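Same order as they appear, the protein sequences are chains A and B.
The letter at position 147 of the first sequence is residue 280 when you use this note's numbering, and the numbering goes up by one with no holes.
The letter at position 46 of the second sequence is residue 47 when you use this note's numbering, and the numbering goes up by one with no holes.
Hints are supplied without guarantee of correctness; some may be wrong.
Stated by the list, open to error - Here chain A is said to cover these stretches of chain B; the calculated rule only asks that three of the stretch's residues, wherever they fall, bring their Cβ under 8 Å from a Cβ of chain A:
| no. | segment |
| --- | --- |
| 1 | 85-95 |
| 2 | 126-137 |
To be verified - Anything over 12 Å on all C-beta distances counts as not near chain A; from chain B, calculated:
| no. | residue |
| --- | --- |
| 3 | V16 |
| 4 | V18 |
| 5 | G25 |
| 6 | A32 |
| 7 | V76 |
| 8 | V102 |
| 9 | E104 |
| 10 | P106 |
| 11 | E144 |
Since the hints were made in silico from the structure, they are not lab data.
In this text, all values refer to a predicted model and were calculated from it rather than measured experimentally.
Backbone N, C-alpha and C fix where the C-beta goes; we use that ideal spot for every residue, glycine too.
Below are the chains, spelled out letter by letter.
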Amino acid sequence: MRHLLAVSDLSRADVDRLLDLTDAFAEVGRRRVPKVPALQGRTVTWLFYEDSTRTRLSFEQAAKRLSADTLNFSVSSSSVRKGESLRDTVETIEAMGVDAIVVRHGSSGVPAQIARWVSASVVNAGDGWHEHPTQALLDCYTIRAHLGGLDGVRIAIVGDVAHSRVARSDVWAFALMGAEVTLVAPPTLLPPSVEGWPVRVGHDLDAVLPDVDVVYLLRMQRERMTEALVPSLREYSARFGLTGRRVEHMGDKALVMHPGPMNRGVEIAADVAELPRSVVVDQVRNGVAVRMAVLFELLGSGPIRPGGPG
Amino acid sequence: MAERERRQTPPFGGVFVARSQVLGRDDVRRAICRMAHEIVERNHGLDDVVLIGLQTGGVPFAEAMAEALDVIEGVRPDLGTLDVAFHRDDIGLRPVLPSTVTEIPWDLTGKVVVLVDDVLFTGRTIRAALDAVHTYGRPRAIELAVMIDRGHRELPIRPDFVGKNLPTRRDEAVNATLDCVELGEIHKERW
Numbered sequence: 134m135r136h137l138l139a140v141s142d143l144s145r146a147d148v149d150r151l152l153d154l155t156d157a158f159a160e161v162g163r164r165r166v167p168k169v170p171a172l173q174g175r176t177v178t179w180l181f182y183e184d185s186t187r188t189r190l191s192f193e194q195a196a197k198r199l200s201a202d203t204l205n206f207s208v209s210s211s212s213v214r215k216g217e218s219l220r221d222t223v224e225t226i227e228a229m230g231v232d233a234i235v236v237r238h239g240s241s242g243v244p245a246q247i248a249r250w251v252s253a254s255v256v257n258a259g260d261g262w263h264e265h266p267t268q269a270l271l272d273c274y275t276i277r278a279h280l281g282g283l284d285g286v287r288i289a290i291v292g293d294v295a296h297s298r299v300a301r302s303d304v305w306a307f308a309l310m311g312a313e314v315t316l317v318a319p320p321t322l323l324p325p326s327v328e329g330w331p332v333r334v335g336h337d338l339d340a341v342l343p344d345v346d347v348v349y350l351l352r353m354q355r356e357r358m359t360e361a362l363v364p365s366l367r368e369y370s371a372r373f374g375l376t377g378r379r380v381e382h383m384g385d386k387a388l389v390m391h392p393g394p395m396n397r398g399v400e401i402a403a404d405v406a407e408l409p410r411s412v413v414v415d416q417v418r419n420g421v422a423v424r425m426a427v428l429f430e431l432l433g434s435g436p437i438r439p440g441g442p443g
Numbered sequence: 002m003a004e005r006e007r008r009q010t011p012p013f014g015g016v017f018v019a020r021s022q023v024l025g026r027d028d029v030r031r032a033i034c035r036m037a038h039e040i041v042e043r044n045h046g047l048d049d050v051v052l053i054g055l056q057t058g059g060v061p062f063a064e065a066m067a068e069a070l071d072v073i074e075g076v077r078p079d080l081g082t083l084d085v086a087f088h089r090d091d092i093g094l095r096p097v098l099p100s101t102v103t104e105i106p107w108d109l110t111g112k113v114v115v116l117v118d119d120v121l122f123t124g125r126t127i128r129a130a131l132d133a134v135h136t137y138g139r140p141r142a143i144e145l146a147v148m149i150d151r152g153h154r155e156l157p158i159r160p161d162f163v164g165k166n167l168p169t170r171r172d173e174a175v176n177a178t179l180d181c182v183e184l185g186e187i188h189k190e191r192w
């Protein structure tokens, strides 16, 4: 694998291999010295045109635990502010000799475009409303770790699907791994068409809750909403928020997940986020191991070069 | 183990074809028993001794060794397994993937770590293992037990306990299991 741009490019075997590799890197994270020399001499850099806390930090932690060198780059304090084009910025970075570029951008397709320009590996860390593949991988890994696998697991993805790249990546990844996915949202927060998506659609959270193994709450993306799509956040919360009362209707072993950052009191009640069945903190912890697996897969485990040891 | 991996990894690999049997099942068992005695003798017992089998070839030998030590001393030493994939020096030159998850759930500081592998060849796997062991603490000592030492070292590494010294040509291959030890070749065209 040369780039990781979208879950829809992956096969089930790819995902299985990455999740198995994640197991091995999770073990590295539990060592007294949680660091291996696997990517010594490789350089990873970040190109984040959008804000991020956990994705950015978790990629950096992953690269450092693999002994890769990291070049830190902040778009807001760079020549981008002077009007440098995306292509010039990327080619400048590549000229310094980087092996992988982790990209987040507000427009869909930017990582794929960058991958056409450079010889370095490109990892999509979220592009517009398109995809966020490492989030989907860490979600799959978290579900697998808690429930033993994804085959036949019933997952409800609740909330602002329309604006969510996490939802798009998760839908493909969960379905690829054999899970049954139901989207639950007001019609205004669903994409114009879910035709071709391997999902069912519901509009009543209370009807869906008793029959799912995982409730995946999406963040209300207020910064992306250009019009009033819900009457008010309070009303949204009353109908689609996971409140303490609603949790009681879930199965005993059902998990609560959220990609973060959480709007406590909107899509998830503050006390629900603290429940043992809420695996939000596990998702963050697993994010480091998953991103180690992705960087190692792209930079460490191939391609096979001619002239290797025989 | 190095050669085991190469054997299994296309396109460098191929199929192992045995030419002659070097040791039978009983010979292997006796060799393990003798090495177990040597480990006890060298360490004046089994205090702080931890066995670590190297994935994948070394693990059954480490298990058999733990069994033999239990019979001799009445104490079963802690037994871990280590996959050295992330510490190898040929990452990026060929596909390197761990075959299993390492299991060393203890701090190794102050312990005597006995690494156990099936075949010692170039020494590169052991170099990686020495590196890996230190991420679990600072052992008091590290010792090396191998079923077969076939020579051709590329690094200054020597075993402390050897089942059998087996002179080989570089292009030969050794297959060592608890059932037998065979000398043969890797046939690439039959892969």
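Would you assess whether P106/B, listed as outside the interface, keeps its beta-carbon beyond 12 Å of every beta-carbon in chain A? Answer for P106/B: violated, closest chain A Cβ roughly 8 Å.
The output says G25/B does not contact chain A. Does that hold with a beta carbon cutoff of 12 Å? holds, 31 Å
Three residues or more, CB to CB closer than 8 Å: is that satisfied between the segment 126-137 of chain B and chain A? holds (count 5)
So is V16/B really clear of chain A, every C-beta pair being over 12 Å apart? About 15 Å separates V16/B from the closest Cβ of chain A, which puts it past 12 Å; holds.
Exclusion check [E104/B not at the chain A interface, CB over 12 Å]: With a cut-off of 12 Å, E104/B comes too close to chain A, as the shortest Cβ separation is near 8 Å.
Examine each Cβ of chain A, and state whether all of them lie more than 12 Å from the Cβ of E144/B. holds, 21 Å
Run the C-beta distances from V102/B to all of chain A and say if the shortest one exceeds 12 Å. Incorrect as stated: the minimum Cβ-Cβ distance to chain A is 5 Å, not above 12 Å.
Over 12 Å from every CB of chain A: does V76/B meet that, or does the non-interface label fail? The claim holds: V76/B sits with its nearest Cβ about 25 Å from chain A, beyond 12 Å.
With 12 Å as the threshold, tell me whether A32/B passes as away from chain A on beta-carbon distances. holds, 29 Å
No chain A beta carbon within 12 Å of V18/B's: holds, 17 Å
For the segment 85-95 of chain B, count the residues whose Cβ lies under 8 Å from any Cβ of chain A; is that count three or more? holds (count 8)
Against the hints set out earlier in the document, violations occur for numbers 8, 9, 10.
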